[in-house]
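Asks: Single-letter residue listing:
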Amino acid sequence: MSALIAAPTRLEEWHLDLHAQGARRDEAVAHLHGLLLRASRFEVFRRRDSVPQLSAVELDELAEEAADDAAISVLRRLDDFRGESSFRTWAYKFALLEASVKVRRSAWRDREVTLEPEHWESLAHAGPGPDDDAENAALLAAVRDGIRTALTPRQRQVLVAAVLDGVPIDVLADRLGSNRNALYKVLHDARRRLREHVAAAGFPEVSE
Amino acid sequence: MTGRDLDPTLLRLLGSGEPEIGCDECFAQLDRYVELELAGAPADALVPGLRAHLVGCPACAEEHESLRALLELDSVS
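Heads up: the protein sequence lines correspond to chains A and B, in order.
Just so we're aligned: the first sequence equals residues 1 to 208 in the numbering used here.
Just so we're aligned: the second sequence equals residues 1001 to 1077 in the numbering used here.
The set of hints was computed from the structure by calculation and includes no laboratory data.
All C-beta atoms, glycine included, are put in the ideal place defined by N, C-alpha and C.
Misleading hints may appear alongside valid ones.
[What the hints assert, rightly or not] The following label-pair restraints were derived from C-beta to C-beta distances: (1) Val1076(B) / Arg144(A): 43 to 51 Å; (2) Ala1045(B) / Asp189(A): 23 to 31 Å; (3) Glu1025(B) / Val57(A): 33 to 41 Å.
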């Protein structure tokens, strides 16, 4: 984790050399990789408790892979950089994304993801406790009824897995052969339908 | 009771109901948003829908927290 020791100090203009040729570009790419490795190690170190099965060497290998993949993404998308942030911040987010996705995948690698769940029945044990009033019990019942009747099978599958089972959205996307953005849209639509159902069942405040 | 007052599990199930952007747009705007936050600028007004997305998407929220933390670390290094 030695790259965490020193923050980058070079002027931001170095990134213009990523568009150059030859040695200037090589030097800029090496500098870029150093920044990305700093970010990916930072992220892996933050999330290390979620992957206790990985050794220090394996964690560093994961960070290296994330930095390598992020470098490819950054170089492929250089023209997307509009200068709305510093280049360093823009590049960092690619490394953090790659590292966080790899950590989440590793954490869930050997965990079963039940994709035909009836786990929403466990919702009976979530939310209001025994001392809560009848209104809360009725709200919970409306939510459970909505999950059962108002959602499509796909929406129910994604909502239950992502929210009740806590499966990370990108892990779930891998298992379902989808991608994070598309799956979040399914989740978003499921929530909207559920809110509409619950509101129609006598709880309009959930849609306010 | 409003959506914001719900039990955390119910809030995660129902969502906030506020307009929000998706994961791809969140990623596209995240660097600008975090720099605005750290500069004390009205990031939520300037990048509408991103904060609501972070509330609804734990993965994007993690990456937002990490970018912010990394920039804060850089600023004191």
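Asks: Take the hints in turn and mark each one as holding or not.
Replies: Hint check results:
no.	hint	result
1	Val1076(B) / Arg144(A): 43 to 51 Å	holds (48 Å)
2	Ala1045(B) / Asp189(A): 23 to 31 Å	holds (26 Å)
3	Glu1025(B) / Val57(A): 33 to 41 Å	holds (37 Å)
Hint check: no violations occur; every hint is consistent with the structure.
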